[in-house]
Amino acid sequence: MGKTQGLWAWFLQRITAVLLVFFLGTHFFVLHFVPGNMEITFLGVQTRLKSALFMIVDFGLLLTGLYHGLNGVRAVVIDWWPRLAGTVTWFLWIIGLAATVYGWQTLLVFLR
Amino acid sequence: MYKLQDPVGTRSRAYGVTGWKAFSSGPLRKAGMWAWILHRISGLAIIFFLLLHIWEISSANRGGSQLFNATMAGLKTPLYVFGEWLLFLAVVYHGINGIRLILFDLNIGVRQQKTLFWLVLGLSAVLIIAGTSAFLSLLG
Numbered sequence: 043m044g045k046t047q048g049l050w051a052w053f054l055q056r057i058t059a060v061l062l063v064f065f066l067g068t069h070f071f072v073l074h075f076v077p078g079n080m081e082i083t084f085l086g087v088q089t090r091l092k093s094a095l096f097m098i099v100d101f102g103l104l105l106t107g108l109y110h111g112l113n114g115v116r117a118v119v120i121d122w123w124p125r126l127a128g129t130v131t132w133f134l135w136i137i138g139l140a141a142t143v144y145g146w147q148t149l150l151v152f153l154r
Numbered sequence: 010m011y012k013l014q015d016p017v018g019t020r021s022r023a024y025g026v027t028g029w030k031a032f033s034s035g036p037l038r039k040a041g042m043w044a045w046i047l048h049r050i051s052g053l054a055i056i057f058f059l060l061l062h063i064w065e066i067s068s069a070n071r072g073g074s075q076l077f078n079a080t081m082a083g084l085k086t087p088l089y090v091f092g093e094w095l096l097f098l099a100v101v102y103h104g105i106n107g108i109r110l111i112l113f114d115l116n117i118g119v120r121q122q123k124t125l126f127w128l129v130l131g132l133s134a135v136l137i138i139a140g141t142s143a144f145l146s147l148l149g
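Listed in order, the protein sequences are those of chains C and Z.
For the first sequence, counting from 1, position 104 maps to 146 in our numbering; every step adds exactly one.
For the second sequence, counting from 1, position 111 maps to 120 in our numbering; every step adds exactly one.
These aren't lab readings, by the way, just hints derived from the structure by calculation.
Any given hint could turn out to be false.
[What the hints assert, rightly or not] Stretch by stretch, here's where chain Z covers chain C in the computed footprint (C-beta under 8 Å, at least three residues):
| id | region |
| --- | --- |
| 1 | 55-65 |
| 2 | 70-78 |
| 3 | 112-118 |
| 4 | 137-147 |
[Stated by the list, open to error] Pair ranges (Cβ atoms, derived):
| id | chain 1 | residue 1 | chain 2 | residue 2 | range |
| --- | --- | --- | --- | --- | --- |
| 5 | Z | 91 | C | 71 | 14 to 24 Å |
| 6 | C | 45 | Z | 124 | 15 to 25 Å |
| 7 | C | 144 | Z | 75 | 15 to 25 Å |
| 8 | C | 45 | Z | 148 | 51 to 61 Å |
Using N, Cα and C, we set each Cβ at its ideal position, and we do this for glycine too.
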């Protein structure tokens, strides 16, 4: 029982969790509970993203949400399909990185 | 030396990355298992939604402002609003229970887990009731 494994994953899961309370809380609040934001339009999003704060929140949300969520899926796989865990982890990393790049490109579209 | 009572049953074979064994075999069996299973279900629902969300927002990438606005307008059906409300439930529970878990990891409130879990449910209910009106107004 000497090797330490998965320490970063465990640690980052909690760090991203705390960050998400802030990022996701802001995102949800601004989008659902601020009147006038109910209609989601390209122009509306563009206007909101002009503020640096929302750019940070939205991109931070993308990174932390993907990490936390996919790491969570990894935990489920380790629990229920332990022999597949190694392979699935690779796929989760690929999905995560692809989604991050695609999401970042999408955010940039609003800044053009 | 102060001896801490053992609320979760350390004779459980493994705490693992999720701690499910600790919760399922100790005296906290019922509440702990509900906490764990709800956390897992809500978590899986949220990541499933997140991937769809990235896809739907990136319609701006694929078709510019036209496809984006069309997609957003098309997603205003009552079924989708209901789905968003379910997501709201999942996020509220998962987040508040998550805070309880982090406190647990920091050795805060370890002996009061059952009480804390009821607090989590209570706070979740309050936030959900407070926020539901915003979703109802989308249906109007």
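Hint check results:
1. 55-65: Since three or more residues must qualify, the claim that chain Z covers the region 55-65 of chain C holds, with 5 doing so at under 8 Å.
2. 70-78: With 3 residues in contact (Cβ-Cβ under 8 Å with chain Z), the coverage given for the region 70-78 of chain C holds.
3. 112-118: Three-residue rule met by the region 112-118 of chain C, so holds; n is 5.
4. 137-147: Coverage by chain Z holds for the region 137-147 of chain C (5 residues, Cβ < 8 Å).
5. Z:91 to C:71: 14 to 24 Å: Distance hint for residue 91 (chain Z), residue 71 (chain C) holds at roughly 20 Å.
6. C:45 to Z:124: 15 to 25 Å: Between residue 45 (chain C) and residue 124 (chain Z), where Cβ atoms are some 37 Å apart, the hint is violated.
7. C:144 to Z:75: 15 to 25 Å: Given range 15 to 25 Å: holds, Cβ gap about 19 Å.
8. C:45 to Z:148: 51 to 61 Å: At 54 Å between Cβs, range holds.
Hint compliance for this structure: hint 6 is the single one not met.
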